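Taking the hints into account, I'd like the entire structure generated from these sequences.
Chains A and B, in that order, are what the protein sequence lines are. Residue numbers 0 to 366, in numbering that gives the first Met the number 0, belong to the letters of the first sequence in order. Residue numbers 0 to 77, in numbering that gives the first Met the number 0, belong to the letters of the second sequence in order.
In short, the hints are calculated from the structure, not lab data. Since the model is a prediction, treat every value here as computed from it, not as a measurement. Using N, Cα and C, we set each Cβ at its ideal position, and we do this for glycine too. Careful: at least some of the hints might be erroneous.
Said to hold, decoys possible - Calculated cross-link-like contacts (lysine-lysine; reagent style DSBU-like; alpha-carbon spacing at most 30 Å):
#1 A:K263 x B:K45
#2 B:K48 x A:K243
#3 B:K43 x A:K263
#4 B:K43 x A:K330
#5 B:K43 x A:K243
#6 A:K206 x B:K48
#7 A:K162 x B:K48
#8 A:K330 x B:K5
#9 B:K45 x B:K5
#10 A:K317 x A:K243
#11 B:K5 x A:K263
#12 A:K104 x A:K331
#13 B:K15 x A:K342
#14 A:K206 x A:K271
#15 A:K292 x A:K277
#16 A:K104 x B:K43
#17 A:K108 x A:K277
#18 B:K43 x A:K331
#19 B:K15 x A:K331
#20 B:K48 x A:K142
#21 A:K331 x A:K342
#22 A:K104 x A:K317
#23 A:K243 x B:K15
#24 B:K5 x A:K331
Stated by the list, open to error - Derived coverage of chain B by chain A (criterion: at least 3 residues anywhere in the stretch with Cβ under 8 Å from a Cβ of chain A; other residues may be distant):
#25 8-18
#26 22-31
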Amino acid sequence: MDSFNLRYHRQIILPEIGVAGQEKIAAAKVLVIGAGGLGCPILQYLVAAGIGKIGIVDFDIVDISNLHRQILYGKSSVGVNKAIAAKNRLTDLNPDIDIVAYPEKLTTKNAIVLFSEYDIIVDGTDNFSTRYLVNDACVLSQKPLVYGAIFKYEGQVAVFNYKNGPTYRCLFPEPPEAGSVPSCAEIGVLGVLPGIIGSMQANEVLKIVLELGDVLSGKLFTYDCLANQSLAFGVPRVESQVTKVLDMATSFETTDYDLFCGIKKGVDITAKDAFLIKNACFIDVREEHEQPKIDNLNPIYIPLGELEEKIDTIPKDKELVVFCQSGIRSKKALEILLQHDFKNVAHINGGAIALYNNKPNVTDHKR
Amino acid sequence: MQLTIKYFGMLTEATKHTEERMHTNTCSVLELVEKLKNQYPELKDKDFKVAVNHQLVSDDYLINNEAEIALLPPFAGG
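Next comes the structure, spelled out in structure tokens:
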């Protein structure tokens with residue numbers, strides 16, 4: 000018996016797998032996003048099982064507080080990038096397979112190209128912004144997504160975008176309000192729980208590869224490790240949610256998922272407060288003919304429609320306060336500025352009309 | 000009618016229950032959610048999906064007697 004058959008002997012002797020099944024595993028290419036609590040057991044089992052090519056995406060570095068649950072790492076990994084540290088450990092576990100470390104952030108710029116090199120994507124991330132990004136990139140590149148997520152003593156597992164099944168957005172169309180769902184770092188997690196949920200994700204990957212059993216598509220599996228209770232809920236595919244993502248094909252690269260998930264926020268300020276702000280750069284995004292002008296704020300004039308093309312003329316180092324006539328266009332301007340990574344931005348509720356009514360010295364002449 | 004309601008994730012903290020029995024008049028999912036939000040004000044700013052008898056349903060779904068309701072919030076942790 001050669002070393003291939005020896006290493007995988009115990010799974011090859013399963014009649015449902017056999018040498019043919021092992022060859023399917025060896026031909027599979029799986030990308031794991033996040034090498035943390037979920038990612039570690041996912042990677043460990045998939046590499047041990049002999050998945051032919053494994054990609055690991057993680058920009059984060061190993062911290063001592065990760066070690067109680069992120070079982071690929073030891074004291075010598077602290078301070079090392081997780082994708083690199085995981086690859087080092089996994090290469091020792093199984094040197095016969097192709098392991099690629101991507102020590103970088105998954106972004107809208109690299110996701111589609113990266114996903115195209117793999118058959119199955121596994122979500123082991125820890126935030127909503129990346130989870131929506133991963134889902135949308137899977138829909139756009141037509142890859143099945145093996146999802147897992149945890150909260151304190153509970154976990155969720157599902158397979159999305161598999162053979163016309165539902166997507167993550169069919170289950171949760173919109174992200175919850177930023178900050179309303181605490182993370183493991185904020186609220187804590189029992190180390191074993193991501194071990195259980197990550198192992199279930201690895202199991203789903205192998206079932207997809209081997210075409211074995213019932214893949215957890217169209218269902219959300221939940222597990223409570225204190226009550227030992229597990230349940231599965233039927234999740235229907237919602238065509239409008241899928242179409243919404245497919246329609247993003249051309250705008251995906253410029254979509255800001257942090258903004259979508261409310262992590263970045265512009266501030267609403269009242270007209271009264273606007274006059275108290277010192278050292279800010281005010282931007283009037285109305286058309287040139289619109290009155291009244293608010294000259295004593297000394298604004299720069301960039302109509303909303305020209306904002307993107309003139310984005311380089313806006314100072315990066317100043318607080319920006321945007322206004323329009325009534326506060327609707329300025330909100331759109333705010334989003335555009337946030338998308339272009341302006342951090343300190345606000346808009347004025349009620350716009351020029353409110354400004355005019357709140358300041359006695361407003362001039363009413365043409366510029 | 001009698002219902003069993005199961006709460007998941009942070010909703011167990013908002014309601015101080017993992018599961019409860021509830022008596023209510025015949026109602027839709029939306030009406031039940033409104034009733035629960037009045038009873039547990041902390042639910043008001045929470046996002047969750049509702050399953051009836053282990054199937055995700057829309058807001059206008061009419062709930063039957065002895066149904067098992069589950070309130071499922073999204074989790075982010077990994």
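Run the distance test for K43 of chain B versus K263 of chain A: straight-line Cα separation, threshold 30 Å.
holds (23 Å)
Does K277 of chain A sit within 30 Å of K108 of chain A, going by the straight-line distance between their CA atoms?
violated (37 Å)
Just to be careful, I want the Cα atoms of K104 of chain A and K317 of chain A compared with a cutoff of 30 Å; is the pair within it?
The given pair, whose Cα atoms are some 27 Å apart, holds under the 30 Å limit.
Quick one, are K317 of chain A and K243 of chain A close enough, alpha carbons at most 30 Å?
violated (36 Å)
Regarding the pair K263 of chain A and K45 of chain B, is the alpha-carbon distance no greater than 30 Å?
holds (20 Å)
Residues of the segment 8-18 of chain B with Cβ under 8 Å from chain A, three needed, outcome:
Check passed, 3 qualifying residues.
K15 of chain B and K342 of chain A were given as a pair; does the straight-line alpha-carbon distance stay at or below 30 Å?
violated (39 Å)
Are K292 of chain A and K277 of chain A close enough, with their CA atoms no more than 30 Å apart?
Judged against 30 Å, a Cα distance of about 19 Å means the pair holds.
Please verify whether K104 of chain A and K331 of chain A have alpha carbons no more than 30 Å apart.
Satisfied, since the Cα-Cα distance of roughly 27 Å is no more than 30 Å.
Quick one, are K206 of chain A and K271 of chain A close enough, alpha carbons at most 30 Å?
It is violated: about 62 Å lies between the C-alpha atoms, which goes past 30 Å.
Using a Cβ cutoff of 8 Å, are there at least 3 residues of the segment 22-31 of chain B near chain A, or does the coverage claim fail?
violated (count 0)
Mind checking the alpha carbons of K15 of chain B and K331 of chain A for me, to see if they're no more than 30 Å apart?
violated (40 Å)
Hint check: violations occur at hints 8, 10, 11, 13, 14, 16, 17, 19, 23, 24, 26; the rest are consistent with the structure.
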